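Asks: Spelled out, the chains give:
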Amino acid sequence: MKFRVERAEFNDALGDVSRIATARTSAMPALAGIELAVSGETLTLSATDKEISIQATLSVGGQNDGIAVPSARILTDLVRGLPDGKIQVALEGESLVVEAARNRSSVHCYAASDFPKIIHASAAEGTVSADVFGEALRQVVRAASADLSRLALTGVLISNQAEGLTFVATDSYRLAVRQVAGTALAGESTVIIPARALGELSRLIKDAKTITYRLAADRATFTVGNTTLSTSLLAVQFPNYKQLIQPSYPNKLAVNREALLDAIRRSKVFARDTIPVRLTQGAGSLRLSVHTNDTGETIEELDAEYTGPEITIGFNPDYLLQGVEACNGETITIESSDPIKPAVLRGSTNDGYLYLVMPQRLTS
Amino acid sequence: MRLVVARCTVNYVGRLEASLPEATRLIMVKNDGCIAIHADGGAYKPLNWMNAPNELREFPDRWEITNPKNETLTINMLEVFSDAIHELGEDPGLSKDGVEAHLQELLAADPSVIEDGLTLISREYPTAIGPVDLLCRASDGTTVAIEVKRRGEIDGVEQLGRYLEYLRADTSLGLLRGVFVAQSIKPQARTLAETRGLSWKEVDYDELRGRRKDDLRLF
Chain A
60 MKFRVERAEF NDALGDVSRI ATARTSAMPA LAGIELAVSG ETLTLSATDK EISIQATLSV
120 GGQNDGIAVP SARILTDLVR GLPDGKIQVA LEGESLVVEA ARNRSSVHCY AASDFPKIIH
180 ASAAEGTVSA DVFGEALRQV VRAASADLSR LALTGVLISN QAEGLTFVAT DSYRLAVRQV
240 AGTALAGEST VIIPARALGE LSRLIKDAKT ITYRLAADRA TFTVGNTTLS TSLLAVQFPN
300 YKQLIQPSYP NKLAVNREAL LDAIRRSKVF ARDTIPVRLT QGAGSLRLSV HTNDTGETIE
360 ELDAEYTGPE ITIGFNPDYL LQGVEACNGE TITIESSDPI KPAVLRGSTN DGYLYLVMPQ
420 RLTS
Chain B
12 MRLVVARCTV NYVGRLEASL PEATRLIMVK NDGCIAIHAD GGAYKPLNWM NAPNELREFP
72 DRWEITNPKN ETLTINMLEV FSDAIHELGE DPGLSKDGVE AHLQELLAAD PSVIEDGLTL
132 ISREYPTAIG PVDLLCRASD GTTVAIEVKR RGEIDGVEQL GRYLEYLRAD TSLGLLRGVF
192 VAQSIKPQAR TLAETRGLSW KEVDYDELRG RRKDDLRLF
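Chains as they are written, first to last, in our numbering: chain A, 60 to 423; chain B, 12 to 230.
FYI, nobody ran anything at the bench for these hints, they're computed from the structure. Because the structure is a prediction, the values reported are computed rather than measured. Idealized CB from N, CA, C, for every residue including glycine. Any given hint might turn out to be false.
Partner residues aside, some chain B positions facing chain A, computed with beta carbon under 10 Å [unchecked claim]:
(1) 27
(2) 31
(3) 116
(4) 119
(5) 120
(6) 121
(7) 122
(8) 134
(9) 138
(10) 145
(11) 220
(12) 226
(13) 227
(14) 228
(15) 230
Produce the entire structure from the sequences given, and follow the hints as far as they go.
Replies: What follows is the structure in structure tokens.
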């Protein structure tokens, strides 16, 4: 195997693909590698952790077809540090030899036969706007759980519903729902995709205009430009989230989004983990306060429109901040009914997004 | 921080005379003026060193370092392989194990987890022999010194004992007792704590850090 490639293009492709390579699985050391396959004038880079795989193709000056599987980390770090210009890459024996300018480096390779075959979803192809899909992922993926003991919560439910294409994620403390009216996906009408895979997909979107997808019963494949991400789907029952959303709430607060974001960030200097930020909502104002035994306290007042009796609700500051960040528009509304029942955040753009967040119990 | 790797010989003249024969070594010149000469082995102890303040004079073939006590360290540079200066900036100091520090933070936020009615006086209460993790006030007015560890072993109990001994010299603290807190405490450490009149308490880190059993959840 031998090819010449521009360092910058090779570096970008390695950056996209190598993130998924993993050194954690000692049973399959080749998963820490990145497969480089040259066929004619095309180089295909592949990495996988067996659940998720990413492949990218590049046009190169191919000289000899072949396959090599060097360490993803070593090759990525090496190429990142090389000067711009042409790089010559060749497999010599069991090592990948990289030559650029006056540098010649040799990277040991894994046996190509140890690298698993990348599988893509076998289903009809569809396309969706990258802007729309990417924004929905930005708003929803954050609410998914990383706790593998509750597998269903580590995924994002994507389904065609009457209201439009619906994205849902929850970690049981908050729930994010985004509905995209007038859009539906072809293929499986309901899938649960690992949030980790969708996080990677978000990074690949960059300035792409469209995403091509294939949704099969057990696998989803997304193509953005020259890069393809495939992931196995979660075969689990997603929680019945619809029952959590009330049609209306007695208390409604409207506050400037940026002012609220800044105030939460300031309160986070004191609030953390088990120490909630308290939102006291009353006529014409919202007061954020945090009290700690050891570091001190902070209180901040914001102008707000409020209907309902005065109420104080405590929230995990990170969950609240992430919810406000995900809402679009100049104004945020927070609807609530009780200090121990979930509150709903929505942005003023009415983009079909809501973020339900469970309060934290307040002690005197 | 200046790091020099060089083949060198070293002579020290001061309280005693010592010399290092020719070998390749790492010479560290720290920003505060300290100098340490290291071999390629051993975790922390240099072969030779001079604490600040020092005066370092560089000659083409040797360095001469002298201090106000008229001790002199002469490094004869036979071949310099590397001479690099790095700006390290201000050091934040030694940080505790992440879990242990977080455990302390969580207990400071709610000391009643350790004992009903306990309120925080100070976290990292300073003493000349080191900071006491938590100093609290019990509901009966007693001052309570608390040592927090991830794993409760004998050395933690002994550490708490030393703090209490020191704190008792400060009569303004009034009646004083100690509690040894950890995620799990070994039987020997429990026995030692009880023998020395100390209480002990095991706490659940996961529960403290927001995964409380009474946490409000959507489902």
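Asks: Now look at each hint and say whether the structure bears it out.
Replies: Tested hints:
1. Annotation: interface hint on residue 27 of chain B violated; nearest CB of chain A at approximately 48 Å, more than 10 Å.
2. Annotation: residue 31 of chain B was flagged as interfacial toward chain A, and the flag is violated, the nearest CB pair being 37 Å apart, outside 10 Å.
3. The beta carbon of residue 116 of chain B comes within 8 Å of a beta carbon in chain A, closer than 10 Å, and the hint placing it at the interface holds.
4. With a cut of 10 Å, the hint placing residue 119 of chain B at the interface with chain A holds, because the nearest CB-to-CB distance is about 4 Å.
5. This hint holds: residue 120 of chain B has a C-beta 6 Å from the nearest C-beta of chain A, less than the 10 Å allowed.
6. For residue 121 of chain B, the interface hint holds, the least distance from its beta-carbon to any beta-carbon of chain A being 7 Å, beneath 10 Å.
7. A least Cβ separation of about 7 Å between residue 122 of chain B and chain A falls short of the 10 Å threshold, and the interface hint therefore holds.
8. For residue 134 of chain B, the interface hint holds, since its Cβ comes within 10 Å of a Cβ in chain A; the closest pair sits about 5 Å apart.
9. For residue 138 of chain B, the interface hint is violated, since its Cβ never comes within 10 Å of a Cβ in chain A; the closest pair sits about 18 Å apart.
10. Interface hint status for residue 145 of chain B: upheld, as the beta-carbon distance to the closest one in chain A is roughly 9 Å, under 10 Å.
11. The interface hint given for residue 220 of chain B holds, since its Cβ lies 6 Å from the closest Cβ of chain A, which is under the 10 Å cut-off.
12. Contact between residue 226 of chain B and chain A, as hinted, is supported at the beta carbon level, the nearest pair being about 8 Å apart and thus within 10 Å.
13. Because the beta carbon of residue 227 of chain B sits about 5 Å from the nearest beta carbon in chain A, less than 10 Å, this interface hint is met.
14. Restraint check, residue 228 of chain B versus chain A: the minimum CB separation of about 5 Å is within 10 Å; hint holds.
15. At its closest, the beta carbon of residue 230 of chain B sits 5 Å from a beta carbon of chain A; the interface hint therefore holds under the 10 Å criterion.
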